[in-house]
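Engineer: One letter stands for each residue in the lines below.
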Amino acid sequence: MKKQFSTLIPIVVLAIVVAFLGYRLFLVDQGQRPDMIPSVQMGKPAPPISLPPLLEGGTPLSSDLFSGRFALVNFFASWCGPCAVEHPYLMQLSKRSDIVLVGVNYKDQNGREWITKHGNPYAAIGADTEGVATIDFGVYGLPETFLIDREGIIRTRHAGALTKDVWAEKFEPIIRAATP
Amino acid sequence: MKKNSGFSGFSLKALLLLLVLMAGGVSSSLAMDPGEALPDPVLEQRARDISRGLRCVMCQNQSIDDSDAPMAQDLRRIVRERLESGASDAEIKEWVVKRYGDFVLLSPPVKTQTLLLWAGPLILLALGLLGAFIYWRKRGREISPPAVLTPEEQAKLERILSGKDQAQ
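These protein sequence lines are chains A and B, in that order. Here the first sequence is numbered in the working numbering, starting from 1 and rising by one per residue. Here the second sequence is numbered in the working numbering, starting from 181 and rising by one per residue.
Since the hints were derived computationally from the structure, they do not count as laboratory data. Every value quoted in this text rests on a predicted model; they were computed, and no experiment measured them. No false leads were slipped in.
A short list of chain A residues far from chain B (calculated; beta carbon distances all over 12 Å):
#1 I11
#2 P60
#3 S94
#4 K95
#5 V100
#6 E113
#7 K117
#8 G119
#9 H158
#10 G160
#11 K170
#12 I174
#13 I175
Per label pair, the in silico range of CB-to-CB distance:
#14 B/P301 - A/L8: 17 to 27 Å
#15 B/P214 - A/F26: 45 to 55 Å
#16 B/G320 - A/V40: 52 to 62 Å
#17 A/G22 - B/P301: 18 to 28 Å
#18 B/A312 - A/E130: 52 to 62 Å
#19 A/V40 - B/L309: 34 to 44 Å
#20 B/S268 - A/P45: 19 to 29 Å
#21 B/P214 - A/K44: 36 to 46 Å
Just so you know, even glycine gets a beta-carbon here, dropped at the ideal spot from N, CA and C.
In isolation and in its complexed conformation, chain A is listed as follows (with noise of 0.2 Å):
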């Protein structure tokens, strides 16, 4: 009986890292992979933007605009495939009044182009050369879009294109639960 015993142990030790790995490739499947960082500054004030326009005789980005409404600052580029993929809803979502929808334009030298040409959603565009607003904020990768509360705490995040099914999970429910 005790020599039964020892020889499970292997056995019980796979069948727990294949649980393991079997629940890793699950989260996958949900869209949470290994590589993406989840972001520390949730529940924190946002950081202060303060950028010059994109667009000749644009207005400067500067976090004053968003005054006490919810603001959605999206972090893009043209050289950015998945920016294309989410601009269409971004367009839709710049009709709502109960948001503020603002732009950060990383490192791009074709962005001017790239809105003429796609048309623009925000309020404002921020010409972001230095990466001084995407470091600040701890963007790892494009698009990543922020929901700013009206106290200006970051409420959520998304790294990727975003989506109406995202927007959905993720973003309506906290504006939801803030407006009476």
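With the hints as your guide, set chain B onto chain A.
Structural biologist: Showing chain B alone in chain A's frame:
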């Protein structure tokens, strides 16, 4: 016609020598633009050391010292700007960690959360040694043969040895 046509012979050798010397002097870190380096060598060395300990969050297995990504370039510049303004190594790392989390440090800090990460390999090694030790002790006990034969076994042994060929 002169043998080593004087001037042109010399300049060809000089050119070859120059090329050889240049090849030997190529920097090992291709990601950094020499223009990024700080004029103060002590500060620059600190900058390189800090950069080697910071993960490039875009190319996640490289340090910002090694990576070509634009974000790595920005972070290298920020590290140097902060050094020039008098920040300590710890303050600079804290600045980056505040924005990106502990993950950005290539050498994870020893905190309660990372204790398992650090101790893990040692614990596994200890478990493995323990397991090997138990197995060795067990084997030792099982293998030790009975020292004495019963009288029947002794008789049987003698019959076989004396060649009575009991094919049993």
